[in-house]
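Q: Heads up: the sequence lines are chains A and B, in that order.
Quick note on numbering: UniProt numbering labels position 77 of the first sequence as 77, and the sequence is numbered without any gaps.
Quick note on numbering: UniProt numbering labels position 65 of the second sequence as 65, and the sequence is numbered without any gaps.
Rather than coming from a laboratory, the hints here were simulated on the basis of the structure.
Just so it is clear, the structure is predicted and the values come from calculations on it, not from any experiment.
Just so it is clear, CB atoms sit at the ideal spot from N, CA and C, and this is done for glycine as well.
Each hint should be verified, as a subset may be incorrect.
Unchecked claim - Label pairs and their calculated CB-CB ranges:
| # | chain 1 | residue 1 | chain 2 | residue 2 | range |
| --- | --- | --- | --- | --- | --- |
| 1 | B | A14 | A | D197 | 29 to 39 angstroms |
| 2 | B | N96 | A | S149 | 50 to 60 angstroms |
| 3 | B | R69 | A | N115 | 41 to 51 angstroms |
| 4 | A | G55 | B | N155 | 23 to 33 angstroms |
| 5 | B | L61 | A | E62 | 33 to 43 angstroms |
| 6 | A | D54 | B | L243 | 15 to 25 angstroms |
| 7 | B | N18 | A | N206 | 31 to 41 angstroms |
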Amino acid sequence: MLNVSLCGIELKNPVIAASGTFGFGEEYNNVFDVSKLGGIATKGLTLNKREGNDGLRIYEAESGIMNSVGLQNPGIEEFIKTELPKMKKFNTVIFANLGGGTIEEYLSGIEKLNNSDIDMIELNISCPNVKAGGMAFGIKSNIAYDVVSRVKEIAKKPIMVKLSPNAENIVDMSEKCCKAGADAISLVNTFKAMAIDIYKRKPVFNNTFAGLSGPAIKPIALRMVYEVSRAVDIPVVGMGGITTWQDAIEFIMAGAEAVQVGTANFIKPDICLDIIDGIKSFMVSENIKNLSEIKGTIRGV
Amino acid sequence: MQYKYERVKIQSNAEVANNIYKLVIECNHEAKPGQFYMLRGWDNELLLGRPISVHDVQDGLTSFLYEVRGKGTKILSTLETGYRIEIFGPHGKGFNTNVKGKVAVVTGGIGIAPMYYTIKALKNAQIDLFAGFRDEVYLIDDLKDFISSSYVATNNGRIGHKGFITDIFNPWEYNLVLCCGPEIMMEKIVRMCRDYKTPVYVSMERHMACGIGACLVCTCKTKDGNKRVCKDGPVFSGEDVFLDA
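Chain A on its own, in the form it takes in the complex:
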């Protein structure tokens, strides 16, 4: 009853572990059986290995966290060689999250992932922490259109474009990605944010800015998912501060086919299981046979 379909790929439930919070699943599998998840979005990958940012990488905000990891990752080839075979042992859908600093980098990454055993690519045009994270591509719709259409020309896997809430116009952005051939859209990545150490009189983060996530952003993320779901006719995967099953149901009612859970994994490592169970109980008590019955049913003014 919990199963959902995303671009022809079956997920056993609509809960996906969000990129950057879950590594490649291995560590969390020591805490709970990650095969119970609908899917796992990998740590953001780039063509070449990256060491990530210097200085403080995490800082707690009110009802949220700010991170500045800077896409530390082993590079796509090493991912395919070392991490993917371990991930394939989990019985769950694998979303390879791919970032890039240039269109060429994205294209080379796609080529490598084309022949790998991943299920879907989450095209990250929204990491605020590094130039290579592609947020430059996620601000202006016409630039996003270029990268998504080029990617789609060569991609053999479904492409889910991960949008930044920092986009100039999130609705226009989603429409352009859709027009460029995106198979699905996920949103939102973190909000570009800042904190200051008043005693040192300088920004907390070496990069000045960092990405804000967690419950603090949920209402805004929900609004964006709602708006985008109404604007495009491709599946939308919602995320942004989802911490409870009620949050997940809200996103689904707003129009999300599935949801991603990120920051909440740090609150309680197996919180995704609580969310899955909660969705199931809600469906039983509300006599919902399939999530499509409630998906996108909210219609405001």
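Based on these hints, arrange chain B on the given structure of chain A.
A: Chain B only, in chain A's frame:
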């Protein structure tokens, strides 16, 4: 499943020195010296747990010695006996305590916290403790049965040497040095020991989120590239971190 996330009862939580608290919880798994838990003693006030090193394990009780520094440790300090706190762990690689010979344990401030349990576990070694503090001295008396000698320094000279613990540390006497404290102190110790080829192990501290090696927010640079303090550490070879990184 390797790690446990559970709610356990607080047996006691009291201030043992100015701004230094000792939290004792009922916990039936045995951490190793130098390991830590992510502790959460709140619902919505904060999101992340706080990584706190294990101070002692005895008779089904695990204790933590912590300094109140920020909001998390402030809340922790207010929790009362009987409250059920969330713990996740034990995490990380601790100190190897299966060693013989002369061992120096060098600490700065609250860095002494994990060394109580570590020193107790160093059963076959002859241990000298070098402990530096800003002002108030704590825990030294509790350790005297387990060590040969203790040397204390305070910044203001209230007790022991006036100045830094590095002023009075003799690197040439020891087969092994275990270190926990401010990075500037640990780096100095590592540099002092280099000339005598004395191995030094340091316990690193970082802000953390997942605690299990997935999120990469607690990395530290080493000679082998970025390492995760929560999973690959918190104990590392001092040379790998401070000399060759």
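Q: Taking the earlier hints as the rules, which of them does this structure contradict?
A: Per hint list: zero violations.
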